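Visitor: Sequence:
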Amino acid sequence: EMYQRNVNRVYKLCYIYLKNTVDAEDAVQSVFLKLLQSNVCFNDYEHEKAWFITTTKNYCKDIL
Numbered sequence: 001e002m003y004q005r006n007v008n009r010v011y012k013l014c015y016i017y018l019k020n021t022v023d024a025e026d027a028v029q030s031v032f033l034k035l036l037q038s039n040v041c042f043n044d045y046e047h048e049k050a051w052f053i054t055t056t057k058n059y060c061k062d063i064l
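Residue numbers (the working numbering): 1 to 64.
The hints are simulated quantities; they were obtained by calculation from the structure and are not laboratory data.
Owing to the predicted nature of the structure, the values given are computational and were not obtained by experimental measurement.
Beta carbons are placed, not taken as given, at the ideal position from N, Cα and C, and that holds for glycine.
Misleading hints may appear alongside valid ones.
Unchecked claim - Listed below are the simulated DSS-like cross-link pairs for lysine-lysine, each with C-alpha atoms no more than 30 Å apart in a straight line: (1) Lys57 x Lys19; (2) Lys12 x Lys34; (3) Lys49 x Lys61; (4) Lys12 x Lys49; (5) Lys34 x Lys61; (6) Lys19 x Lys34; (7) Lys57 x Lys12; (8) Lys57 x Lys34; (9) Lys49 x Lys19; (10) Lys61 x Lys12; (11) Lys49 x Lys34; (12) Lys19 x Lys61.
Said to hold, decoys possible - Across the chosen pairs, the derived CB separations fall in these ranges: (13) Ile63 x Leu36: 26 to 32 Å; (14) Thr21 x Asn43: 31 to 37 Å; (15) Asp23 x Glu46: 27 to 33 Å.
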């Protein structure tokens, strides 16, 4: 459910930063893997959305 809510947003952000489909797909997987490894607990949807946006931007900037 969380994946379905956020995967399109994360992919679009990754593609904007990386300008490459394959790299964007790899970055999406990495962002969701970070979520699984982090044990983060979201208070609400806005918190979840903010986490995904921030984590995605930071990940993409790190690999550029």
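Visitor: For each hint, tell me whether it holds in the structure or not.
Guide: Against the structure, the hints come out as follows:
no., hint, verdict
1, Lys57 x Lys19, "13 Å, holds"
2, Lys12 x Lys34, "18 Å, holds"
3, Lys49 x Lys61, "18 Å, holds"
4, Lys12 x Lys49, "14 Å, holds"
5, Lys34 x Lys61, "15 Å, holds"
6, Lys19 x Lys34, "22 Å, holds"
7, Lys57 x Lys12, "11 Å, holds"
8, Lys57 x Lys34, "13 Å, holds"
9, Lys49 x Lys19, "22 Å, holds"
10, Lys61 x Lys12, "14 Å, holds"
11, Lys49 x Lys34, "15 Å, holds"
12, Lys19 x Lys61, "12 Å, holds"
13, Ile63 x Leu36: 26 to 32 Å, "19 Å, violated"
14, Thr21 x Asn43: 31 to 37 Å, "34 Å, holds"
15, Asp23 x Glu46: 27 to 33 Å, "28 Å, holds"
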